[in-house]
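*Asks:* Sequence:
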Amino acid sequence: MILAFLAAATLPSIPASVVTSDWPLQPRPEVLRGFELPAKPWLPGHRGVDLAGNPGQPVLAATPGTITYAGPLAGRGVITIGTGPRRTTYEPVVPSVTVGTTVATGTVIGRLSAAGSHCLPRTCLHWGFLQGKQYLNPLTLVPNRPIRLLPLTGQQTQPPAAPSPPPAAHAAPPRSNPSDPNQRTAKLLIAATAALTLTAGLVIRRQ
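The sequence shown lines up with residues 1 to 207 when you count with the UniProt record's numbering.
These are computed hints drawn from the structure, not numbers from a lab.
Mixed in with the good hints there might be a few duds.
Quick list of the computed label-pair ranges, beta carbon to beta carbon [claimed, not checked]:
{"#": "1", "residue 1": "Lys133", "residue 2": "Gly56", "range": "29 to 35 Å"}
{"#": "2", "residue 1": "Thr20", "residue 2": "Lys40", "range": "23 to 29 Å"}
{"#": "3", "residue 1": "Ala52", "residue 2": "Pro143", "range": "26 to 32 Å"}
{"#": "4", "residue 1": "Ala74", "residue 2": "Ser96", "range": "16 to 22 Å"}
{"#": "5", "residue 1": "Leu37", "residue 2": "Cys119", "range": "15 to 21 Å"}
{"#": "6", "residue 1": "Ala104", "residue 2": "Lys40", "range": "34 to 40 Å"}
Treat the numbers as computed from the prediction; the structure is a model and nothing was measured.
No residue lacks a Cβ here, since even glycine has one placed at the ideal position from N, Cα and C.
All chains, please: the whole structure from these sequences, using the hints.
*Replies:* This is the structure:
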């Protein structure tokens, strides 16, 4: 079975500059959908993770940095926190911070909104992580991140079937042993009987 690791298990570790990070929802949320990086940039995928939450729940800065965006985008509230070339994104959120504000890990940056959620009927926070233009798995930022093994087919795996036993070989008939004295005696008796029968037949004919 081809097994697939959730991308958190395969991405490189994050440098110490962003180690001071934590979950953007507390207590630790359920991951409704994991990170799915497409094979090509233009292909569909899931460039972040969806964390289960409740409408109005505080959204926290997962990493320290500066607010580089806080406002509506494509019909939902979005917040971006920049730390050098790295950015974390949060949506849908009603922002409580403004662009240029410096935040520490755990700072409340807004409230989770049900409007614009793509997890309906549930409410979720879509949390993203980028370095430059490269999308990374945000679960690599948090301690005790979940790692799941999933088959690429999406079907449950079955244990491999035990190999069938080889077909039983047919027993060969026992071979006669020419050196067996019993067999030699039997052959001599048969030959003698045949000779006597032949001789008797000749005598009868002559008479």
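*Asks:* Tell me the hint numbers this structure goes against, listed in increasing order.
*Replies:* 2 and 3
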